Amino acid sequence: MAQIEKIKEILEVALLTSSQPISVEDLGRLFIDKTDRSTIRMLLDEIKNDWQDKSLNLIQVASGYRFQAKSDFTEFLMRLAPDRAPNYSKAVMEVLAIIAYRQPVTRGDIEKIRGVSLSSNTLRQLIEREWIDIIGQKEVPGRPSLYATTKHFLNDFALKSLSELPELNSSLTAELSNTDENDIAQSSNNAVDSNIIVDEKDFSNNIIPPAK
Amino acid sequence: MAQIEKIKEILEVALLTSSQPISVEDLGRLFIDKTDRSTIRMLLDEIKNDWQDKSLNLIQVASGYRFQAKSDFTEFLMRLAPDRAPNYSKAVMEVLAIIAYRQPVTRGDIEKIRGVSLSSNTLRQLIEREWIDIIGQKEVPGRPSLYATTKHFLNDFALKSLSELPELNSSLTAELSNTDENDIAQSSNNAVDSNIIVDEKDFSNNIIPPAK
Amino acid sequence: MTDNIKNLAKVYGEEIELLPQDLYIPPDALEVYLDSFEGPLDLLIYLIRKNNIDILDIPMANLTNQYINYVEKMQVIKFELAADYLLMSAMLIEIKSRMLLPKPILEDDEDDPRAELVKKLIEYELMKDASENLKNMPQVGKNIMIAQSYFERVTQIEYPDVSVDELFDAWKNVLRRVKQFEQHQISRSELSVREHMTIILRKLNEKDLLEFSSFFDTDKEPIPKLVVCFLAILELTKEGLIKINQQSSSSPIYLQLGEI
Numbered sequence: 019m020a021q022i023e024k025i026k027e028i029l030e031v032a033l034l035t036s037s038q039p040i041s042v043e044d045l046g047r048l049f050i051d052k053t054d055r056s057t058i059r060m061l062l063d064e065i066k067n068d069w070q071d072k073s074l075n076l077i078q079v080a081s082g083y084r085f086q087a088k089s090d091f092t093e094f095l096m097r098l099a100p101d102r103a104p105n106y107s108k109a110v111m112e113v114l115a116i117i118a119y120r121q122p123v124t125r126g127d128i129e130k131i132r133g134v135s136l137s138s139n140t141l142r143q144l145i146e147r148e149w150i151d152i153i154g155q156k157e158v159p160g161r162p163s164l165y166a167t168t169k170h171f172l173n174d175f176a177l178k179s180l181s182e183l184p185e186l187n188s189s190l191t192a193e194l195s196n197t198d199e200n201d202i203a204q205s206s207n208n209a210v211d212s213n214i215i216v217d218e219k220d221f222s223n224n225i226i227p228p229a230k
Numbered sequence: 019m020a021q022i023e024k025i026k027e028i029l030e031v032a033l034l035t036s037s038q039p040i041s042v043e044d045l046g047r048l049f050i051d052k053t054d055r056s057t058i059r060m061l062l063d064e065i066k067n068d069w070q071d072k073s074l075n076l077i078q079v080a081s082g083y084r085f086q087a088k089s090d091f092t093e094f095l096m097r098l099a100p101d102r103a104p105n106y107s108k109a110v111m112e113v114l115a116i117i118a119y120r121q122p123v124t125r126g127d128i129e130k131i132r133g134v135s136l137s138s139n140t141l142r143q144l145i146e147r148e149w150i151d152i153i154g155q156k157e158v159p160g161r162p163s164l165y166a167t168t169k170h171f172l173n174d175f176a177l178k179s180l181s182e183l184p185e186l187n188s189s190l191t192a193e194l195s196n197t198d199e200n201d202i203a204q205s206s207n208n209a210v211d212s213n214i215i216v217d218e219k220d221f222s223n224n225i226i227p228p229a230k
Numbered sequence: 115m116t117d118n119i120k121n122l123a124k125v126y127g128e129e130i131e132l133l134p135q136d137l138y139i140p141p142d143a144l145e146v147y148l149d150s151f152e153g154p155l156d157l158l159i160y161l162i163r164k165n166n167i168d169i170l171d172i173p174m175a176n177l178t179n180q181y182i183n184y185v186e187k188m189q190v191i192k193f194e195l196a197a198d199y200l201l202m203s204a205m206l207i208e209i210k211s212r213m214l215l216p217k218p219i220l221e222d223d224e225d226d227p228r229a230e231l232v233k234k235l236i237e238y239e240l241m242k243d244a245s246e247n248l249k250n251m252p253q254v255g256k257n258i259m260i261a262q263s264y265f266e267r268v269t270q271i272e273y274p275d276v277s278v279d280e281l282f283d284a285w286k287n288v289l290r291r292v293k294q295f296e297q298h299q300i301s302r303s304e305l306s307v308r309e310h311m312t313i314i315l316r317k318l319n320e321k322d323l324l325e326f327s328s329f330f331d332t333d334k335e336p337i338p339k340l341v342v343c344f345l346a347i348l349e350l351t352k353e354g355l356i357k358i359n360q361q362s363s364s365s366p367i368y369l370q371l372g373e374i
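Protein chains in written order, with the working numbering: chain A, 19 to 230; chain B, 19 to 230; chain C, 115 to 374.
Next up, chain A with everything else stripped away, as it sits in the complex (with noise of 0.2 Å):
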């Protein structure tokens, strides 16, 4: 197969096989010898030609390239697609557990507390809610980026503000400093008698007793 041919090939299984759109940079990216964006416009084109009468077109959106079913077929696609998303995943709910309550936490921050690597899907599954977003960067090395829940989280779980999530009651203290080593129960306690100058002057209506 010549040379160009075998370019063309690659893009168009590149485009097939990506969710997202991929830009002309990116697709730049797939060949190790340098490849002129015009030459990849070219065969984009021809692509776009190739698939013409076909159930894809290679269409052009703001972030790049992507092959999308002709309108024809939405009526068809629908009927496999689920009418309702399966529950979100316990990884997903412990993360925006995390989130809720350690805001603003970097990825980092979520892999130490869980001990287990975090796929990227789950954060993209709460972003794409709206649930959770990107706030900032920490300023350590690798500058990982912030996350904090947002204000369509709160619409959504009819909260005012932060402080209205349920929190640990003493008993539950209690059950859970029973289920861990005594010395994780003791800095328990220690915890909560740190907070509670706060808890006085904030929530006066609302102190929770020291667990024991």
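Derived from the structure by calculation, the hints contain no laboratory data. Be aware that one or more of the hints could be misleading.
Derived SDA-like pairs: lysine to any residue, alpha-carbon spacing no greater than 20 Å straight-line [what the hints assert, rightly or not]: (1) C:K210 with C:L231; (2) A:K24 with B:S73; (3) C:K210 with C:I167; (4) A:K72 with C:Q262; (5) C:K234 with B:S73; (6) B:K108 with C:M251.
Over the 10 Å line for every Cβ pair with chain A, so calculated as not near, a few chain C residues [unchecked claim]: (7) D168; (8) L170; (9) T312; (10) Q361; (11) I367.
Keep in mind it's a predicted model, so treat the numbers as computed, not measured. Each residue gets a CB set at the ideal place from its N, CA and C atoms; glycine is no exception.
Model the placement of chains B and C on the given structure of chain A, informed by the hints.
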């Protein structure tokens, strides 16, 4: 366009736009008029042939059919998304192998085979990846959970069933049968026997619920 | 005690010189190997295969010596590794001594004290080998690319419903697992501080520089809220997320994102 050609085209575009494998049953749901499975199977064969010399292959995995890029393209496509899936540690992969080949197994079984205690993290990573799940409890004191691989695991490794897993090293199995007792050989046979049941039970929960 | 061990590890270079000759792992590689074994069985298999020992007729004296020597070295370098390994040492010694006992003529191999160990070793090696195979298989997400072109959905995607209770349950789950419970003990006050941290960061994202006083509406806000806001600023500063600047002692104080 003839009716049958239209059906074929719809099948093709459904498979090209789905990131998950689609079962023959689900493909049937694309059409309001009942289309029998044998027709769909025949058309899938035709589509497979149509694409034979192209960049994508139509393949069958545990939960249905999907289009995937031919392996010649992998090296190029990986340049676009270099760090897609996490690389699992040796421990995680060993545990996965034990569950895949000896399922259903308890945590204790895994620890006995590896000769070291198992961090719960390891199992969690595999559960989170949806490669394994708990399919029941063993009726022994403590009722430990029984772990098995999922349909998702088979899909991700492009397998139709567990029987397609690479065979165990034959020189080692020969050595094993040379040991005086047959315990191990037997217990592995048992594992294979019980797989048949697991296949049927476990995998039923992975079927996409029909859209209402 | 621990100090002692650490010190030994520090003179690690010299330690290596003392390695017995029948330990077949090249001394320089010891450190590399240290983490690469998944456990005592893994180490034994390594020793057996490295020495071309017939696994069905293991010379117990030789293998036990090598194993114990190795574990001793590991103990010196990485103490916490030893527990599982020590148990195996004991087992090897027991098998070795049982083989040394004078015994009646064996009718068949069933009484061979090595049998159980050998089966364990082979079973583990089988799985080790299988895990290598799995690792090398093409996998979705790694080197299998699936066609997943786009199609426009007519109706809006419906998302799963989640209640506050479910969110709280997830949080309790996290807390149950977390070792450092202390850090994750949450009270309302801490939460409202965290909420203010987010609010302040959002404001600073919109405007690079904001006057310290602009965060405090002393007329409208109740005092507790002002306190919480102040605590949030302190916390953000502590975590290096924002910077507090003042040109001279009487000039206004400014907050900015922790860049530069």
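Right, here's what the structure says about each hint:
A C-alpha spacing of about 12 Å is found between K210 of chain C and L231 of chain C, which places the hinted pair at or below 20 Å, so the restraint holds. The straight-line distance between the Cα atoms of K24 of chain A and S73 of chain B is roughly 10 Å, inside the 20 Å bound, and the hint therefore holds. Simply put, K210 of chain C and I167 of chain C have alpha-carbon atoms about 16 Å apart, close enough for the 20 Å limit, and the pair holds. With a CA separation close to 16 Å, the supplied pair K72 of chain A and Q262 of chain C stays within the 20 Å bound.
This hinted pair does not check out: K234 of chain C and S73 of chain B have alpha carbons roughly 46 Å apart, beyond 20 Å. Only pairs whose Cα atoms come within 20 Å are accepted, and K108 of chain B paired with M251 of chain C is accepted, the gap being roughly 15 Å. Distance to chain A confirms D168 of chain C as a non-interface residue, since its nearest Cβ pair spans about 42 Å, more than 10 Å. Separation of L170 of chain C from chain A is adequate, the least Cβ-Cβ distance of about 40 Å exceeding the 10 Å criterion.
Non-interface call for T312 of chain C relative to chain A: violated, since the shortest CB-CB distance, roughly 4 Å, does not exceed 10 Å. Interface exclusion of Q361 of chain C from chain A stands, the closest Cβ pair being 22 Å apart, more than 10 Å. The non-interface label for I367 of chain C is consistent with chain A: the shortest C-beta to C-beta separation is roughly 19 Å, beyond 10 Å.
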